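Mind docking chain R on chain P? Use the hints.
Read off the chains here:
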Amino acid sequence: DAGVTQSPTHLIKTRGQQVTLRCSPISGHKSVSWYQQVLGQGPQFIFQYYEKEERGRGNFPDRFSARQFPNYSSELNVNALLLGDSALYLCASSSELGVETQYFGPGTRLLVL
Amino acid sequence: DAKTTQPPSMDCAEGRAANLPCNHSTISGNEYVYWYRQIHSQGPQYIIHGLKNNETNEMASLIITEDRKSSTLILPHATLRDTAVYYCIVGRSSNTGKLIFGQGTTLQVKP
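Heads up: the sequence lines are chains P and R, in that order.
Read in order, the letters of the first sequence are residues 18 to 130 in our numbering.
Read in order, the letters of the second sequence are residues 80 to 190 in our numbering.
Only chain R is shown next, with the shape it has when bound in the complex:
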């Protein structure tokens, strides 16, 4: 599975959009981009995933560049409860039970 690169930490003001970047330059054609987050001392929580089209759900939006080498997770109106470690993971749909987590980005939402 392709590796991902994320900034170690980011800050965001409450109520503003949080844009979390992820680089996955070695992604292959059949690999998806998955985002999970982990709030302190809890298990990771699925947020969203995509292959090549932009995706949106009730939690977030996922923007994938046309060459698929990078993506951005957007939390449109960040709240204090969105403070967490966000993981960008690349993998095949057949391997979703074997997620390869990196270090993730620690997002701190500030009042």
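Just chain P, same shape as in the assembly:
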């Protein structure tokens, strides 16, 4: 079975632009979470979605938004990009809420110039 997939793998944008990152969870998994990992730091929680509803939001500005589709895939959108948004964006999925094991994708590396 395929694991969590993310696209694109790498992305270069300029300040002020908007970006959309995509995540496909493991087949049958209904929960998707997004994390931001700045170089040298641990991942930071951004959003969790379950059954197309937002179930949690981390301490990120409103420039960050996300949604989950009926097939449980998810998109993360970031508007008005700042240099500080340069990071590895990780998606994780689990079969249900409260399931201990989160499966992470390889991430999308975003560089903002």
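Hints were generated in silico from the structure; no laboratory data involved.
Partial chain R-side listing against chain P, Cβ under 10 Å, derived:
| hint | residue |
| --- | --- |
| 1 | Q121 |
| 2 | P123 |
| 3 | Q124 |
| 4 | V164 |
| 5 | Y166 |
| 6 | K177 |
| 7 | Q182 |
Computed beta-carbon distance windows for the label pairs:
| hint | chain 1 | residue 1 | chain 2 | residue 2 | range |
| --- | --- | --- | --- | --- | --- |
| 8 | R | S172 | P | S82 | 26 to 32 Å |
| 9 | R | T158 | P | K30 | 34 to 40 Å |
| 10 | P | T31 | R | Q121 | 23 to 29 Å |
| 11 | P | G33 | R | M89 | 38 to 44 Å |
| 12 | P | R32 | R | S172 | 39 to 45 Å |
| 13 | P | T31 | R | Q124 | 29 to 35 Å |
| 14 | R | N136 | P | N88 | 27 to 33 Å |
| 15 | P | R32 | R | G108 | 45 to 51 Å |
| 16 | P | N96 | R | G94 | 48 to 54 Å |
| 17 | R | S107 | P | S82 | 28 to 34 Å |
| 18 | P | G101 | R | T105 | 28 to 34 Å |
| 19 | P | E71 | R | S107 | 22 to 28 Å |
| 20 | P | L28 | R | K131 | 39 to 45 Å |
| 21 | R | T105 | P | P25 | 38 to 44 Å |
Just so we're clear, the structure is a prediction, and the values are computed from it rather than from any experiment.
Using N, Cα and C, we set each Cβ at its ideal position, and we do this for glycine too.
Positioned in the frame of chain P, the structure of chain R alone reads:
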């Protein structure tokens, strides 16, 4: 969720056991201890979790002290492929989609 404290780095000889400590003195009764690792440039990988009993799986063992204020992840026979950043995370099972990562421990396995 309770915070965790881990040493920033550790070395281990290949083939020996790697023992990674974690302090979580403010853990509450309904919080679990989770361990993930992140090999360079990859997404984090789940290793093991426990509430109060010691746990073992094909990857590692988790030893939790009786007062639950600290734990140790044991990789019984470390290989070069175990070189990674290891994260100890404490949280409720209902919040496992909102993991709070710290800085972790960088484990370097040396030949």
